[in-house]
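2 protein chains.
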Amino acid sequence: MSDEQTDTHLVIFTPSGKRGRVASGTPVLQAARQLGVDLDSVCGGRGICSKCQVSPGVGSFPKHGVTVAADALSPFNKVEARYDEKRGLAPGRRLGCQAQIQGDVVIDVPPESQVHRQVVRKRAEARDIVLDPATRMLFVEVAEPDMHRPEGDFERLAAALAAQWQIEQVSVGLPVLARLQATLRAGKWQVTVALQRRTDGWKVVEIWPGYHETRICGLAVDIGSTTIAAHLCDLSTGEVLASQGLMNPQIRFGEDLMSRVSYAQLNPGGAGEMTHAVREALDKLIGALAEEAGVAREDIFEGVFVGNPVMHHLFLGIDPVELGWAPFALATSGPQRVPASELGLHMHPEARAAILPCIAGHVGADAAAVALSEAPEAQEELTLIIDVGTNAEIFLGNRDKVLACSSPTGPAFEGAQVSSGQRAAPGAIERVRIDPETRRAKVRVIGCELWSDEPGFAEAVGAGGVTGICGSGIIEALAEMRLAGVMDKRGIIGSAEVLGDVVFAEGRTWSYRLHVSGERVIAVTQNDVQQILFAKAALYAGARLLMDQLGVDHVERVVLAGAFGAHISPLHAMVLGMIPDCPLEKVSSAGNAAGTGARIALLNLSERRRIAEVVRKVEKVETAVEPRFQEHFVDAMRVPHENAPYPNLAAHAVLPDIRFETAGGGEDGGRRRRRRG
Amino acid sequence: MSDEQTDTHLVIFTPSGKRGRVASGTPVLQAARQLGVDLDSVCGGRGICSKCQVSPGVGSFPKHGVTVAADALSPFNKVEARYDEKRGLAPGRRLGCQAQIQGDVVIDVPPESQVHRQVVRKRAEARDIVLDPATRMLFVEVAEPDMHRPEGDFERLAAALAAQWQIEQVSVGLPVLARLQATLRAGKWQVTVALQRRTDGWKVVEIWPGYHETRICGLAVDIGSTTIAAHLCDLSTGEVLASQGLMNPQIRFGEDLMSRVSYAQLNPGGAGEMTHAVREALDKLIGALAEEAGVAREDIFEGVFVGNPVMHHLFLGIDPVELGWAPFALATSGPQRVPASELGLHMHPEARAAILPCIAGHVGADAAAVALSEAPEAQEELTLIIDVGTNAEIFLGNRDKVLACSSPTGPAFEGAQVSSGQRAAPGAIERVRIDPETRRAKVRVIGCELWSDEPGFAEAVGAGGVTGICGSGIIEALAEMRLAGVMDKRGIIGSAEVLGDVVFAEGRTWSYRLHVSGERVIAVTQNDVQQILFAKAALYAGARLLMDQLGVDHVERVVLAGAFGAHISPLHAMVLGMIPDCPLEKVSSAGNAAGTGARIALLNLSERRRIAEVVRKVEKVETAVEPRFQEHFVDAMRVPHENAPYPNLAAHAVLPDIRFETAGGGEDGGRRRRRRG
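Chains as they are written, first to last, in the UniProt record's numbering: chain A, 1 to 677; chain B, 1 to 677.
Worth double-checking, as some hints may not be accurate.
Claimed, not checked - Covered by chain B, per the in silico footprint, the following chain A stretches (three or more residues, Cβ under 8 Å): (1) 173-184; (2) 538-550.
To be verified - Quick partial rundown of chain A residues pointing at chain B, CB under 7 Å, derived from the structure: (3) Pro-145; (4) Phe-154; (5) Glu-155; (6) Ser-333.
Unchecked claim - Going by beta-carbon spacing under 8 Å, a handful of chain B positions derived as facing chain A: (7) Gly-173; (8) Asp-200; (9) Ala-329.
Treat the hints as calculated values from the structure; they're not laboratory data.
From the three backbone atoms N, C-alpha and C, an ideal C-beta is built for every residue, glycine too.
Generate the whole structure from the sequences, applying the supplied hints.
Rendered as structure tokens:
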């Protein structure tokens with residue numbers, strides 16, 4: 001026992017808290033491996049890669065019951081000195097593969113030295129992303145050939161990967177095989193390989209002589225009906241190197257999904273045209289992202305793509321015609337992973353493009369990405385997640401069960417079909433307040449911190465001026481109009497006789513003046529209200545349908561996602577009746593959750609696999625054929641609702657009990673129309 | 001019990017002998033499945049494919065203790081009648097899926113109705129090939145889409161394959177996915193699919209609406225240094241549909257292997273040129289085979305390729321430079337399977353090209369194919385297997401252990417480097433007999449049954465006449481020359497003074513006149529003898545080296561393979577000393593064993609996988625660096641050998657104890673030269 005006490009030392013790793021005794025002289029990297037501590041190394045402990053940096057502590061650590069002597073680790077050795085000279089080692093840092101344990105010690109593993117390091121997400125409630133990408137780089141020493149044991153060079157490389165990295169079932173393609181022998185000899189039997197996980201093991205997809213450092217990158221792409229948004233990420237760090245977006249060029253074939261499906265139905269070869277258009281745009285986008293990040297296309301080894309079912313099918317080259325009519329049959333609902341080259345995308349020759357699973361004929365891979373980002377299946381509270389786009393994808397559930405549907409909101413929330421509507425961009429009104437006394441509005445625009453009634457507003461906004469109103473602005477505008485008594489429960493805007501000059505006549509209806517600058521008048525017309533009510537009623541009806549299905553009459557939490565959802569005011573959304581009643585502090589915005597989900601799937605292959613299982617278990621509800629959806633829709637054309645109780649809202653706001661005359665004297669038109677897309 | 005007796009019937013299947021009781025009314029196909037009898041069905045019992053034909057017996061079967069009543073099976077039904085009318089059902093045949101068991105019955109499953117039917121090989125000692133190819137066709141009924149259970153069409157196809165055919169882990173590529181929905185609907189939810197086994201499960205590689213019959217084909221190709229030989233096979237029956245061969249166009253870069261390796265070493269891009277040449281030739285050959293068989297290139301789903309290591313590397317696009325010097329490192333020794341399109345071969349778009357494993361730097365995939373055909377690892381007797389080509393691959397072993405080496409015989413056995421040498425083709429001398437009294441030769445040529453001293457020989461041979469001598473002819477010639485005292489133990493041809501006018505002077509040596517027709521003299525020169533002795537000594541030395549390694553001084557069985565080996569005379573081979581002494585009746589010819597091995601690997605995927613394991617365990621001996629090889633070589637330059645005993649040969653032939661003068665009066669030149677390739 002006393003021998004053990006002297007020949008072994010206690011080592012405690014932080015932040016994991018893992019501890020154990022190791023033999024005197026054990027390198028820190030080896031100790032970490034013995035104790036199951038996540039300490040990175042690309043070169044396998046040869047003092048080349050410097051990925052295994054640690055920060056040893058010195059002095060007393062009462063918490064751990066240890067006092068660390070100054071000589072608890074071996075002194076700085078030649079390898080560390082050379083590394084420090086050439087590339088610089090931060091004060092207090094040691095190379096884990098060089099420093100040997102000579103006494104009891106506490107060793108901190110900084111985040112960047114962890115293999116499965118976490119990529120921190122900004123929102124407090126969001127889980128961090130654990131790095132575990134499908135492609136990784138490893139340095140390996142390969143045995144030299146022996147004519148009496150004539151295994152091939154590749155078989156010896158595979159054996160080395162198994163022995164040095166516990167990587168089994170390794171395959172190789174012809175391009176690497178053709179360069180293998182020359183590379184092994186150029187690197188003097190030391191090479192760096194890029195390995196890509198496949199369903200049948202690992203594939204060596206790239207090889208460099210000696211120790212080689214390069215960025216290996218991946219793409220996360222959200223193919224929206226209107227815009228395509230892409231992030232280029234460093235697969236070793238999770239860092240976003242570049243982000244860009246562009247309009248989906250398929251718009252020239254049809255504004256919304258159904259018009260694109262119709263285009264495919266009516267024009268032979270139409271689906272192929274749209275497939276070509278989106279792939280070509282994506283390929284250009286990849287080039288632009290690579291240029292922005294200063295990497296080569298060949299450094300991109302993986303792409304994860306999400307999109308609604310029509311985008312999903314067109315991207316994969318599948319005619320979406322079956323998605324245009326019941327039973328809305330998907331060609332495939334499962335996850336797919338294919339060579340990127342088969343999609344016309346120029347990345348590394350062995351790069352793979354993965355597309356997340358679709359959930360149902362109207363609930364696509366983008367919704368799967370939202371589920372991956374927001375994890376409805378992991379919630380304690382009954383959570384309603386709404387991803388707002390041209391179609392809204394809606395999840396309702398918690399640990400016990402998750403339901404999903406999609407609802408055809410139309411593009412009104414994205415600024416289309418609204419007279420002064422525009423996409424969220426500098427100059428767009430995003431906040432609105434209406435004085436209940438004067439019924440006059442003040443606004444704030446994107447790119448400017450001042451309200452329009454504050455001094456210097458015009459100068460701060462700049463030469464472009466106030467250009468229009470974006471989705472979150474129009475929601476606030478309508479909610480404020482309702483709160484200020486400018487608009488009644490049915491959405492009817494009052495006349496000048498009642499409201500004075502804040503409204504003006506347009507044909508037989510009234511419009512509310514939101515902002516005037518010079519000649520330009522930004523107003524909310526009666527038709528604008530109608531369009532927004534269509535959209536919000538569809539949202540609400542979808543949510544209610546899921547609540548019916550689950551047999552609940554309220555939800556405990558609401559998450560609003562979508563580019564739009566990042567800026568929404570919970571109070572105003574509730575006044576408008578976009579969402580069911582719920583404690584206000586339990587309403588949050590998740591930003592571009594689909595894009596985040598794509599990024600998680602890119603950076604963590606297990607999560608990518610897991611979400612396919614999760615969405616398979618999601619209970620799907622098809623709104624298009626559900627009669628109750630129509631009833632809920634009609635009742636939701638009121639502001640906030642025909643009859644649903646809003647007790648939480650009532651605690652924060654009083655909605656005036658007013659009723660204006662309609663132009664025709666009859667009911668509003670909202671009960672007449674329905675469309676999908 | 002009596003209920004069971006009346007409600008169930010005894011059914012006995014032949015030839016398997018499997019028996020059991022099944023419920024009355026059970027279709028024969030279902031009974032076969034219950035009892036584990038191998039009865040084919042592509043349509044899954046729908047009366048479409050007719051693959052499940054059986055021959056029921058009637059009357060008394062004392063051997064089985066059963067008497068079969070005339071009504072033991074249900075009467076011919078409509079489906080059978082329709083099939084009989086349209087396509088004809090042989091007398092006594094029934095469709096197994098339609099005929100129901102109504103009494104005790106004996107049912108014969110004809111060979112063509114077995115899934116794993118056996119492809120009979122001609123040689124008595126060869127094992128039959130059990131059909132189990134990597135690609136198969138199946139008919140399947142797919143559930144229609146249901147919007148409330150929104151799995152994709154592909155996922156429902158996969159579920160149907162699992163339920164109806166127990167096929168799990170099914171994937172699909174983009175081309176089939178793009179056609180999937182239209183095909184399912186065109187076939188009214190019945191489709192025929194071609195499924196290909198991959199390392200990660202099965203892939204749907206082709207789809208047709210409804211029940212579809214087509215040949216699915218595969219290629220077995222032996223890429224020799226000199227010739228490429230290919231068979232096109234029907235993967236469902238194992239039938240060889242077409243066979244063709246062509247010269248390897250790489251010959252223009254070098255006659256033998258080493259000169260091609262040198263070409264690659266000396267000319268930048270030289271390896272690429274040779275890769276291109278062989279792939280282009282193969283692609284043309286595939287086109288020619290498809291045309292001969294009347295199938296489309298797209299009907300070919302799989303190719304198995306074998307060849308020596310240099311051919312293997314060049315075919316895969318790997319520079320063979322490392323094979324030119326010790327340690328003769330292979331780029332890969334394991335089996336590879338890649339898309340045929342990556343090799344420039346135009347077959348089905350999803351077709352795979354498999355190349356068998358290499359055994360060592362000089363023992364290639366062709367040797368693996370020989371091992372697959374001849375199964376040294378399964379032999380009771382200690383067996384020597386020699387595959388004769390430009391290089392000879394040699395196996396020695398039995399159940400306990402197998403050794404392998406290659407030996408550089410050179411192209412003499414293929415007719416090169418021999419004055420009148422030619423490839424085995426009509427007009428070539430293939431048999432030789434020399435009268436020991438007159439020392440005159442009679443010959444037989446390929447394509448003619450008569451000996452040259454029989455009446456009508458000249459007419460029977462035809463206008464082309466006797467054109468030269470092929471490998472088996474030259475072996476017989478030399479052995480007969482030795483037996484008739486024309487040539488001594490050292491290979492020296494006697495002078496005219498001793499032998500008379502059967503020899504004539506050429507420079508300072510003598511040539512033996514084998515055949516004269518008009519102006520044309522076909523003779524064996526002293527140099528011809530030298531070339532053949534180099535070749536046979538290399539063969540023998542390789543075999544002896546393996547015997548040394550195994551610690552044995554004789555073998556129990558010899559198998560001669562190679563296109564050449566098909567025609568060889570065991571007695572003459574032994575007189576010449578090509579092979580060690582062995583009972584004559586234990587020497588057999590295996591024909592083109594490499595080609596046969598390729599065909600086995602094509603038709604049976606388990607065998608293809610198994611041989612990779614077998615060759616991994618083979619003990620490799622590298623002749624190029626083994627000093628004893630040189631010693632054995634020199635001793636084997638005698639006819640039959642300097643000092644090895646030939647007791648079995650002595651029982652069949654007496655070799656005259658003579659010794660002629662050499663031209664220079666000294667030793668022969670055989671001890672001076674060695675070359676590889």
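Here's how the hints hold up against the structure:
A count of 7 residues in the stretch 173-184 of chain A with a Cβ less than 8 Å from any Cβ of chain B is obtained; the coverage claim is therefore met, three being the minimum. As drawn, the stretch 538-550 of chain A meets chain B at 0 residues by the rule of a beta-carbon pair under 8 Å; below three, the given contact is violated. Satisfaction of the interface hint for Pro-145(A) is found here, the shortest Cβ-Cβ separation to chain B being roughly 4 Å, below the 7 Å cut-off. The beta carbon of Phe-154(A) is positioned within 7 Å of a beta carbon in chain B (closest approach about 4 Å), and the interface hint is therefore held.
About 5 Å separates the beta-carbon of Glu-155(A) from the nearest beta-carbon of chain B, less than 7 Å, and the hint is met. At about 4 Å, the closest approach between the beta carbon of Ser-333(A) and any beta carbon in chain B falls short of 7 Å, and the interface hint on this residue holds. Given the 8 Å rule on beta carbons, the hint for Gly-173(B) holds: about 7 Å separates it from the nearest Cβ of chain A. The interface hint given for Asp-200(B) holds, since its Cβ lies 4 Å from the closest Cβ of chain A, which is under the 8 Å cut-off.
Hint status for Ala-329(B): holds, given a least beta-carbon distance of 4 Å to chain A, under 8 Å.
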